[in-house]
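These protein sequences, in sequence, are chains A and B.
For the first sequence, the working numbering assigns the number 25 to the initial residue and increments by one for each residue that follows.
For the second sequence, the working numbering assigns the number 25 to the initial residue and increments by one for each residue that follows.
Bear in mind the hints are in silico, worked out from the structure with no lab data behind them.
Be a bit skeptical, because a hint or two may be false.
It does not matter which identical chain is meant; a pair holds if it fits inside one copy or across any two.
Claimed, not checked - The calculated lysine to aspartate or glutamate pairs, modelled on EDC-like cross-linking and capped at a C-alpha distance of 20 Å, are:
id, residue 1, residue 2
1, Lys189, Glu83
2, Lys123, Glu314
3, Lys123, Glu312
4, Lys78, Glu192
5, Lys129, Glu312
6, Lys189, Glu86
7, Lys129, Glu314
8, Lys129, Asp116
9, Lys356, Glu312
10, Lys189, Glu206
For clarity, every value in this text was computed on a predicted model and none was experimentally measured.
2 protein chains.
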Amino acid sequence: MLYIIGLGLSTIEDITISGLNTIQECDYVFVDAYTSILSHGIERISAFCGKDVKRADREFTEQDSLIISLARSENVAFLVVGDPLCATTHTDLIIRAIKERIPYKVIHNSSIMTSVACCGLQLYRMGETVSIPLWTDCGCPDSFYPKIVSNFFRGLHTLCLLDIKIREKSLDNLLYDRDIYEPPRFMLCSEAAYQILEAGRRIHQRFVDASADPGVEMPCEPEPECYLHPDCLAVCLARVGSPTQAMLVTTIGILAASLSAGDSNNLSNVLGGPLHSMIIPGKLHPMEIEFLCARLLIGDGKEDLGTASNGTSLPVLLPPAMAGCGFRERVKSMFDRHQELLPTKF
Amino acid sequence: MLYIIGLGLSTIEDITISGLNTIQECDYVFVDAYTSILSHGIERISAFCGKDVKRADREFTEQDSLIISLARSENVAFLVVGDPLCATTHTDLIIRAIKERIPYKVIHNSSIMTSVACCGLQLYRMGETVSIPLWTDCGCPDSFYPKIVSNFFRGLHTLCLLDIKIREKSLDNLLYDRDIYEPPRFMLCSEAAYQILEAGRRIHQRFVDASADPGVEMPCEPEPECYLHPDCLAVCLARVGSPTQAMLVTTIGILAASLSAGDSNNLSNVLGGPLHSMIIPGKLHPMEIEFLCARLLIGDGKEDLGTASNGTSLPVLLPPAMAGCGFRERVKSMFDRHQELLPTKF
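Could you build all of it, start to finish, from the sequences and the hints given here?
What follows is the structure in structure tokens.
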């Protein structure tokens, strides 16, 4: 029997009772160590479960058939950070089990795809989710861009899942089949915002180039409103579900600019390190705005501090600078500007 | 301090270790008994947690301020089936806590919004989620319909959350302020399918009526392809995450027809009672089709049985009847027909 067990978002204590009970009955326990990470290492998982938990990297899970062959006669647990079915990665493992007539059971848990609602944006208003890949020398794929734009211009929010690279090999090491791995890399919100604006510029440039070449038959250039403006809001989330969870409401432009400003800026102090996710909101309901601006409800003049006076981590607001304007006025103007950018039918 | 704790989908064993630990530290424990239900009663939650868990109905949570006033000085847990933030219902409670400067913490858990991936459809391909309300004498709202159509014609899947009514009062009892509640009602997939097709007919009829009235200025009638065809696929899910989880892949037309056929039909035997959810798929990736048809992978001639020979509950396939055609041929034809109904650009 194969058990595919969600671990939730932050620490091993986020596992469910039924998940933990199931592990106790298993002969072998593997943990997916390549699609995401908990805030601590595999040793703590082993100690907590009282089992010798083995690391399963991508090659082991996807190419080696040990997990499947063990599950023919033994109880095997495969642990996955978040909910096991939110990424498509593990579908393949389940289909292999089915083909071998090995019974399987999924034990669900919380996922970043729903926990992002902690910022107050409603999941009902989410359009298609996108993954933003880290751009490298090998390529700068921008297929996420039209999806964000399509959601935005239908008034829907877009959850952007940001790339992580764990135990990846460099091109050189791949070619020479050397088992040397790059240091882990985790995309931050500022990088994602830069890539979003840059993707828009590149797509626009491709149309300009094609229109200058009479030999090329091209589609019409998209309308100007088919590009995201730097004044669009971006809701940044860091380490959702963990004790150090942080949230920031600002604009795509401010985020992207912070990337060139380096690490010393205010913004990276607010969000801190990985894991980051980002939401590009569409049309905002008044209650969503109230929640995003929850810090203003407390009204103690400490709206720009990282932690509210009551100890709860509310979203930090970082509106664009406006000469002679107070903090609340700048926040209001940031939200008004976002709503202006949406099509008038909303 | 106010703790808002997700219970997961099925039984109290689906709570997380961190959720259970938090309850132990609380002076008061309430459970939301109006937005969803576990597969067992509140007594089992109390016994499992070793606490006197109190039922919180809608009036108590939304109008009575006892939860908030207790949380000023005590540790209060508010338990919610699924993930606490997936419905918008509990946002109001959090905003009230923030306004009163009461610190709060959310402990996430699995939600129907992600667990539906158990059928093999990818969450990345989901468009906007819709809620389908039970139609009553008081009204037949159909605003869910254009959202499903909009997703479908963009090639995206639509998760349809089906209405449940727990502890609702009849209009009479509301008017006379009598504390008499109607029996609980849970929408089934067959009812949802009927309402989807009927909503399409009603919206069409409104256009026809308006065009016959020269005094009315009306928008153009939507194109024929703006209506969902009864041959569209519907993926039905029952009691997701529970030991009796069941799945069915068929068409909207077959589902709707089963409603008039009464309870004795094959279909309600397959799915069983509440809670039901439904997905109207958009464009299907080959791996999604492989997963939906997992029963065919086993290929032991038992493809039409409720439980596969390996004990795992795989989706049951119920294709339309076709004279002289074998089961596999009918399934293939059902999927081909669905893809045909999508715009040609896919």
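### Query
So which of those numbered hints doesn't the model satisfy?
Nothing - there is no hint that the structure violates, so all of them hold.
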